[in-house]
Amino acid sequence: MEMTGGQVAELSGAEIVSRCLAEEQVEFLFGYPGGAVLPIYDELFKQDKVKHILVRHEQAGVHAADAYARATGKVGVALVTSGPGVTNAISGIATAHLDSVPMVVLTGQVPTKAIGEDAFQEVDTVGITRPCVKHNILVKRAQDIAPAIKKAFHIAATGRPGPVVVDIPKDITLETTNYFYPKSVALRSYNLVTRGHSGQIRKAVELLLSAKRPMIYSGGGIIMGNASELLTQFVHALGYPCTNTLMGLGAFPATDPLFLGMLGMHGTYEANMAMQDCDVLLAIGARFDDRVIGNPEHFMSVNRKIIHVDVDPSSISKRVKVDIPIVGDVSEVLKSMLEHVAELSKGSGKSDVDAWWKQISVWREKDCSKFGVSDTVIKPQSVVKTFYELTKNEDVFVTSDVGQHQMWAAQYYKFDRPRRWINSGGLGTMGVGLPYAMGCQFAYPDALVACITGEASIQMCIQELSTAKQYNLPIKVITLNNRYLGMVRQWQEFFHGNRHSESYMDALPDFVKLAESYGHVGMRIENPSDVEGALKEAIALKDRLVFMDFITDQAENVYPMIPGGKGLSEMILDGSSD
Amino acid sequence: MRHILSLLLENESGALSRVAGLFSARGYNIESLTVAPTEDPSLSRMTIVTIGSDEVLEQITKQLNKLVDVVKVIDLTEGSHIERELMLVKVRAVAKDREEMKRISDIFRGRILDVTDKTYTIELTGTGSKLDAFFDALDREAILETVRTGASGIGRGDRILKV
Ligand SMILES: Cc1cc2nc3c(=O)[nH]c(=O)nc-3n(C[C@H](O)[C@H](O)[C@H](O)COP(=O)(O)OP(=O)(O)OC[C@H]3O[C@@H](n4cnc5c(N)ncnc54)[C@H](O)[C@@H]3O)c2cc1C
Ligand SMILES: Cc1ncc(C[n+]2csc(CCOP(=O)(O)OP(=O)(O)O)c2C)c(N)n1
Ligand SMILES: [Mg+2]
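Protein sequence lines, in the order shown, are assigned to chains A and C.
Using my numbering, the first residue of the first sequence is number 1, and each one after it goes up by one.
Using my numbering, the first residue of the second sequence is number 1, and each one after it goes up by one.
If we strip away everything but chain C, and leave its shape as in the complex, we get (with noise of 0.2 Å):
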């Protein structure tokens, strides 16, 4: 199962590479992993999606808390969460596509954010299954260049994950 892990850490050198040579040391999936220091800059919140029975999910929980560096973890995907991507998409916009493009890109709330004559830069934001369905509604020859930033996510309601 797909498990997005929230963590928040000591915003020091290293303790993202001890996170992430957890991972590949132990032979756990990492889908994705964004980092960024928290309003306290002595910590920084991590996110985490990765993939694996519960077993699995938690010796991950618990080796994560073990590294010294990690002050919380939590599992978003036990409880209502959101989860959000960025992603930015440099398409092929020519000719009849031009208009077509900007349709496609309306549906999907995503937002035109760099015109060239030939080009589109659109930003779309959403949860990973929105950002992949995007991509199935594009023929793939129009895309020229994407960047996504792995998923964020934050509980719903009273879900607060703080020191």
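Same shape as in the complex, but just chain A (with noise of 0.2 Å):
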């Protein structure tokens, strides 16, 4: 490893650790103390660039610097102690990875002296995350620290971007050694391809020309490599279909006639059917995950041409064979595609594809996402389309947790801007609502926040309520409660027969005392004609959490729905007549 440039000085490990952070100007670190760490906690005391955020749990700390990197496109930061700080991290850390979310999390460690010997909070921390980080780094000597978090920054948020450990004794803390913060790293084993063949992407745009059935299929990559503009230009330029994976969502305006929706498992109609039957596919910074194209033998069974464009080779021909790889960032390689469109659309033009939009609109008549409306019992799709009404001027930020729910918020709001629709989407995990919408409320304190969430999910870090108290975080929790692990019901539904193993949320709290017993505004609402007065009402309170608990339709169902082994044309539609 290379490092050059910086001022030397002789300082302590932990002192190190705060400066480095400073470096990085890091704004927000959260975290929890503990033993290990109480020589940085120390350092954060004594000085006033980092603001350090104490959460509640460990996991939350993590979501919050999770939730500030997606909607910054910053490195998240987060703190925490051995031992038990680490492995209350590590759901954390895993639902960052499987997001490629950059992320830095430092960790503190037992003495050096004392590792491997079964010491006092000591997990073997690089053995027990290696497989859910990009990287991650045992600091061995005090004068290694500042190049081992250069060394962080520099991966998590480089390529594709990744959760990187710092693991850091508390030895090495107390020591004192020269300081110097590098100016840059370069590592041989660390090498970035961003430019894409240019070969292969004059191939892709004659290729992309010549369809009659197009298809633009386009992902979280966007979102990370900040391309969505870029994106949105191209899908102009050639005026195709475009559909967003749920972790692309925002990536291309929502509200735009060329876009088909999500597709995917809970897709629409359109999306899903336009992705089968297409000649032509561009995949851009989306990884063909089973949960997006169903059954692979399926989606394969029919003939197109694949185009992939992904930072990463792993994520070309894993699941899906295609026939011109691109590998690149999306920003170069759409920004050369656009003046290779420039260029070839001149000559022959592109072939027409008016027959292909009439079939999409037919696809579109279906109306996949209409559902059943009620005068006495809410229906959750309701709650999430008439908050989006109300806000669809405003510049919100929406995070979910994992469930019907968070199906629900992706269908049924619009997003138009990238890095505003924040949720876990690899690893699904329940409890990320509350701390995500931390995080995003963090980084933008003026913004309206809101954490579309279940009543089951909210309560797997629902002790954030008090972190939210601390710091005055005016978050709208909007809790779609239908008394059910919802979504697990729906599958028991479809594929156990209807058994409701264990699925049913009893002893349910009272959201409203519980929220208020933290300081905060509650509110249950039960009539579908409250829904909305209630949601103008919590909007209005700007600088207080409001959580807001919608006592829902029991029965509802997540529709479309393409159930699991079968393949994209293959959706269940019908759930709105209940």
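Hints in this document: simulated from the structure, not taken from any laboratory.
No false leads were slipped in.
Think about it this way: if two alpha-carbon atoms lie no more than 35 Å apart in a straight line, the pair counts; the simulated DSBU-like pairs of lysine-lysine are: (1) Lys72(C) / Lys203(A); (2) Lys66(C) / Lys51(A); (3) Lys566(A) / Lys62(C); (4) Lys162(C) / Lys183(A); (5) Lys183(A) / Lys72(C); (6) Lys566(A) / Lys66(C); (7) Lys305(A) / Lys346(A); (8) Lys321(A) / Lys162(C); (9) Lys305(A) / Lys62(C); (10) Lys469(A) / Lys51(A); (11) Lys162(C) / Lys318(A); (12) Lys72(C) / Lys113(A); (13) Lys358(A) / Lys414(A); (14) Lys162(C) / Lys203(A); (15) Lys140(A) / Lys62(C); (16) Lys96(C) / Lys118(C); (17) Lys335(A) / Lys392(A); (18) Lys72(C) / Lys140(A); (19) Lys113(A) / Lys66(C); (20) Lys140(A) / Lys66(C).
Cβ pair distances, simulated, as ranges: (21) Asn178(A) / Asp132(C): 51 to 59 Å; (22) His500(A) / Asp132(C): 54 to 62 Å; (23) Leu192(A) / Gly52(C): 21 to 29 Å.
All C-beta atoms, glycine included, are put in the ideal place defined by N, C-alpha and C.
From the two separate chains plus the hints, produce the assembled complex.
Shown next, in the form of structure tokens:
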């Protein structure tokens, strides 16, 4: 590793940690103290550059750092103590890993001499986190702390982003050493390809222009690569249909006429049909997840040409064999593609796709997102829809947990901008919603931040209501309370003979009182006619956290749905009648 | 198909477990794995023998390259190469078998490194299949103990793996 630049001074390891974070311009450090990190906490106390946020559970701290990264594009940073601090942080680290979120997690470790002796609060942090990080480093000497932190930020933020753990034994935070913060870092074993092969790019554009039934399928990579504007330009230049994955929502404006909605297991009829029936598919910053293409054999049983752009070569031809692989950064590749489109469409031009759009409008007419209305019971979809209507002209951050409510949020809130929809797609971690909202609210204190959650998920990090009180975070919690582990119940109905094995949420707390006991505003909404009023009232309470407990239809299911093992065109559509 | 992958990796603690962990986490086969530092003490060289389809090998190579500690990966079996493995075998060598053991060892170009009145300890190098063939030539009853290093490999001619 080569490091260059920086001023030399003699400092303690702990002070070095705090200086490094300041050098990286870390705004917020989400953490929880303990024995192994006390020297670092002591240094944090003495400085005012990095603001430490005291969460109530390490998992939530890591989730909050993760959301801060997703919402801002910067690296999220968390600090936890050794042993139980680390084990609590694992869910947060794995969540960020599966969604490729840039994050640095600093973990305390027992003193170097005690490592391996089953010391108090010792876990093998590097070992336990290895499968769920982009990289991890156990620092063994005080003089290695600064280079390790520099390296961690570099690796976390570049290429395909991801979490990096830096494990720091207590004794080296107390030792003093020469400190200088490297300005840059070069690793011989970490070389990134960003440009994309120009010959392949040209071939790809030629193929796209010759398509009769083209489709553009984009995902989280567009958001991570800050390429939403370029993608939008590109799609407009071609006039082709575009779909987004769950992680890509907001990468292309949801209200654009060329947008077909989300695809996949709970995607729209038109997006899934077009994905299946297209003759040329451009996959860009998306990874052919099993929740997206369903059964890969069914998907590949149709003849179509696939172009795949991804910065991570291992995402390409992993689940689906592609015809034109392009390894590169989405922005670089899109820029170059746009130039080719401008040049190539001058000549013979592109082929006529009117018939394709006609077919798509037939699919659209199915109106797969319609849902039943009721005057007696609140339809969960209607809560999201109403919330969207009330806030669509504002810059809103919507976080979610995991379950049916997550899918309804994705389906009925129309995201026109990137980094506004924050949820756990890859790991599907219940409990992220509230800490995610915290991370967003810290990053954007004046923005409207809403957490659309379920009565089960919210209880997995409910303790963070206390953190939200301490820092006055005016989050709007929208609980779609169906008294069920709804998504589990839905699968039991479809695949397990409707036997509701342990999917019922009994003995729920009174969420209004619970919220109030933390010092927040609580609301319980039971009538469909009160939905809009309650939402308006909550939004108007600009400086308070409002916990809205919407008592919703218990029987509602998420549609469309591709049952496990089925193909994209084998959706179950009908659910609107119940 | 059987492939021999050659890797250069940072000679850092933990690098080996990253590679081994990758294979177990993703369900790839490891037939053998050997690793030792190179003449440049900051680098280790690893040889992995694995079995998989072309698609699986493509993923293995990509995933290995993704590991931050891995500097270079090549698939030796894509070109002409030399493969060698070292084996030490302790065999029973008594009465009339004693002569026979020596003879088989000579045929396989083995070297007898240690002798007692009841045993021979034989050193043998060659490809994996040659070492297998040696086993087949022996009476199983006569084998007391074996240890194999796993294959090491290097490209032929100008094919060089270096940073
Ligand atoms: C209950 C539940 C239901 C779900 N249902 C659906 C569903 O119906 N539809 C759906 O789509 N998902 C669904 N998911 C989410 C699903 O599990 C996956 O997380 C998601 O589909 C992956 O999205 P993605 O392909 O955009 O990949 P991401 O995980 O966002 O990965 C992004 C890709 O882009 C690449 N990349 C990153 N940065 C760059 C760059 N700068 N340049 C180039 N490439 C880059 C990465 O290498 C990676 O391959 C569901 C999840 C849950 C929990
Ligand atoms: C930590 C964790 N445990 C279990 C699951 C499996 N799971 C997925 S959805 C779900 C039910 C969620 O219930 P709720 O939050 O009430 O949402 P609903 O589906 O009812 O809208 C469960 C248990 C999970 N995703 N995460
Ligand atoms: Mg529920």
